[in-house]
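Chains as they are written, first to last, in our numbering: chain A, 8 to 335; chain B, -5 to 272.
Worth double-checking, as some hints may not be accurate.
Label pairs and their calculated CB-CB ranges [to be verified]:
| no. | chain 1 | residue 1 | chain 2 | residue 2 | range |
| --- | --- | --- | --- | --- | --- |
| 1 | A | Glu88 | B | Ser172 | 17 to 25 Å |
| 2 | B | Ser243 | A | Glu159 | 44 to 52 Å |
| 3 | A | Glu159 | B | Leu174 | 23 to 31 Å |
A few chain B residues that face chain A, going by a derived Cβ cut-off under 10 Å, partial list only [as the list claims (entries may be wrong)]:
| no. | residue |
| --- | --- |
| 4 | Asp101 |
| 5 | Met105 |
| 6 | Lys158 |
| 7 | Phe162 |
| 8 | Val163 |
| 9 | Lys164 |
| 10 | Leu168 |
| 11 | Ser172 |
| 12 | Arg175 |
| 13 | Ile179 |
| 14 | His180 |
Calculated lysine-lysine pairs in the BS3-like style (CA-CA distance at most 25 Å, straight line) [as the list claims (entries may be wrong)]:
| no. | chain 1 | residue 1 | chain 2 | residue 2 |
| --- | --- | --- | --- | --- |
| 15 | B | Lys0 | A | Lys158 |
| 16 | A | Lys255 | A | Lys50 |
| 17 | B | Lys267 | A | Lys141 |
No lab work stands behind these hints, which were simulated from the structure alone.
In this text, a Cβ means the ideal position worked out from N, Cα and C, and glycines have one as well.
Residues per chain are reported as follows:
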Amino acid sequence: MSKLLSIKNLRVRFRTKSPLQAMLQKIDDPYIDAVRQVSLDIKQGETFTLVGESGSGKSTLALAVAGLLNAAEGQIKFMNEDVTSMTSSQIMAYRKKISFIWQNSIGSLSPRMSVGSLITEGYKIHNLKDRDLKMEADRLLKLVGLPTNIKERYAHELSGGQARRVGVARAIALDPKLIIADEPTAGLDVSVQGEILNLLNKLKDDLGVSLFVITHNLNIVRHISDRTAVMYLGRFVEQGQTDDIFAKPRHPYTLALLSANLTPYPEASLKNRIELKGEVPSLMNRPNGCEFHTRCPFSSKHCDNEFPPIHTFDREQILTCHYPLNKN
Amino acid sequence: MKVAIKRISSDPLGLLGLCLVTLIVVSALGATIFAPYDPIQLNIMDRLQGPSANHLLGTDQLGRDLFSRVLFGGQVALKVAFLTIGSALIIGVVLGMIAGYGPTWLDNSIMILFDTIRSVPTIMLALAAVAMVGPSITTVIFVIAVSSIPNYGRVVRTQTLTIKSKDFVKAEMLMGASLLRILSIHVLPNILGPILILASMDIPTVIALEAGLSFLGMGVKPPTPSWGSILNDGFSLIRNTPWPIIAGSIPLVLATLGFTFLGESLRDLLDPKLRKFL
Chain A
8 MSKLLSIKNL
18 RVRFRTKSPL
28 QAMLQKIDDP
38 YIDAVRQVSL
48 DIKQGETFTL
58 VGESGSGKST
68 LALAVAGLLN
78 AAEGQIKFMN
88 EDVTSMTSSQ
98 IMAYRKKISF
108 IWQNSIGSLS
118 PRMSVGSLIT
128 EGYKIHNLKD
138 RDLKMEADRL
148 LKLVGLPTNI
158 KERYAHELSG
168 GQARRVGVAR
178 AIALDPKLII
188 ADEPTAGLDV
198 SVQGEILNLL
208 NKLKDDLGVS
218 LFVITHNLNI
228 VRHISDRTAV
238 MYLGRFVEQG
248 QTDDIFAKPR
258 HPYTLALLSA
268 NLTPYPEASL
278 KNRIELKGEV
288 PSLMNRPNGC
298 EFHTRCPFSS
308 KHCDNEFPPI
318 HTFDREQILT
328 CHYPLNKN
Chain B
-5 MKVAIKRISS
5 DPLGLLGLCL
15 VTLIVVSALG
25 ATIFAPYDPI
35 QLNIMDRLQG
45 PSANHLLGTD
55 QLGRDLFSRV
65 LFGGQVALKV
75 AFLTIGSALI
85 IGVVLGMIAG
95 YGPTWLDNSI
105 MILFDTIRSV
115 PTIMLALAAV
125 AMVGPSITTV
135 IFVIAVSSIP
145 NYGRVVRTQT
155 LTIKSKDFVK
165 AEMLMGASLL
175 RILSIHVLPN
185 ILGPILILAS
195 MDIPTVIALE
205 AGLSFLGMGV
215 KPPTPSWGSI
225 LNDGFSLIRN
235 TPWPIIAGSI
245 PLVLATLGFT
255 FLGESLRDLL
265 DPKLRKFL
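All chains should be modelled from the sequences, with the hints used to inform the complete structure.
Next up, the structure:
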């Protein structure tokens, strides 16, 4: 399978002080890094999931991939084209090939537009005049399992699940190569969550798109994902095949996430559960050495001072830790 | 169009507003047909009369028929109201959206411009304009339009700032929508409601402002009738007869109510959340 999206050493940062303030207060580096040294590959037709706590930089990474945030360093390549150095017409073409499913399903639909015009707006934006918008709307609604008479409705008249499906319909309208789904099940009840996930899986199989799913719900990951990355303070601490990550978590943080996950038979599913103490450190004040050492139950003096090396295990399981778990 | 008529007829106040506005517009435009007398014809013998079959609203101190003057005065009032509010609205909306959506430096410069305009009293601005180009109705329109641009601009800016950070704007950007498309199709319809209300409530203010400027000799020159000049005449005659004031204020009240009702109804019509039925 060929690489669709390839990110190398991506860094995204936000300004914390204006240039003037920084100068007056003598701050050399008035930025915080929301995403740091992130590298990942997404292959054609693959589902890649990103898990991590709130504020770990998941959405920031997604917005950077979409080109809404600028990368401070590193490279984002989509089908061998560099996204970070695109001209505006190239960006237009790029945005036709990727699409976004938003966490805020109702809020991401323009409130003065009917569902019918919302899901076919991409054709208008990209000037595809040969399409019959009405027929396209019917086709898309059918694909996502909505009744076609919903076309006349407005965003505020939809339920959460319907709005999410409309979001999916809009995302697949232009036959994208990659769909980025930010918390595709946020705010839905469990049965609707399942429907949406099955819908995404089915669309992936039928249309051959790749999915980049962002979530903090590990059960979703297990259900749809081929490969998974775990994010902490803007860095990937571990990434690999989803099965491996669940069966043999090697980074203590991954193990902690899995331990915190609610499962019907917690004792049976996971041995040596661990619990984390304390809060996520502030991005403004990253810990020295291994950034996880403040909460890690296995940390030693070594971890406090030295940044951990990158380990690669079989089947491309990559992690940064001094003392990886499950060595054998 | 059919839907619009259906919707507006389901809203009695809006319908009333529409009727009042139509009444005012038709009577002003058809003043030459409807008016029983020449509005500037003096008839000293009949001065300061109360309402009668001959003079529906009575006569003023020079014996001119007040009903005819009200009808003809409507022409001036409507011209001033529509032209000033129309141009102030368009410029205010454009500048406000640029300020709200654009970069900070542009926002700051436009806000400084607005504050500068607001810091100059309208009367002073009018005096300056009159001194430069002479008194005329065009001067009045220009002065009122310029001084009301900031009112619209500020509201539009705040509204745009709120809309700008909404997820659906980001979603449109990600779909590749151009700036123009986002502003005109996604931002503008969402900020139009409050602006319409503001504009419809401004109409009477503008008419009154025109009256005030005319009174100071900066606008419409006598004997051309305007609602403002009828009112001003009425003030000096208040000890003799109330009728000129009543005659001058009736159209002002009707216009205020009519445009306010119509504006509110239009806002509801444009907002799918406020529509009374599907």
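Quick rundown of the hints versus the structure:
1. Glu88/A <-> Ser172/B: 17 to 25 Å: At roughly 21 Å between Cβ atoms, Ser172/B and Glu88/A fall inside 17 to 25 Å, so the hint holds.
2. Ser243/B <-> Glu159/A: 44 to 52 Å: Since Ser243/B and Glu159/A have Cβ atoms about 46 Å apart, the given range 44 to 52 Å holds.
3. Glu159/A <-> Leu174/B: 23 to 31 Å: holds (27 Å)
4. Asp101: violated (15 Å)
5. Met105: Given a least distance of 18 Å, the restraint on Met105/B is violated.
6. Lys158: It is violated, given that the least Cβ distance between Lys158/B and chain A is near 13 Å, above 10 Å.
7. Phe162: With a closest approach of 5 Å, the Phe162/B hint holds.
8. Val163: holds (8 Å)
9. Lys164: holds (7 Å)
10. Leu168: holds (5 Å)
11. Ser172: Constraint on Ser172/B satisfied, holds at 8 Å.
12. Arg175: With a minimum Cβ separation of about 7 Å from chain A (threshold 10 Å), the hint on Arg175/B holds.
13. Ile179: holds (8 Å)
14. His180: holds (5 Å)
15. Lys0/B <-> Lys158/A: At roughly 21 Å apart (the allowed maximum being 25 Å), Lys158/A and Lys0/B satisfy the hint.
16. Lys255/A <-> Lys50/A: holds (23 Å)
17. Lys267/B <-> Lys141/A: holds (24 Å)
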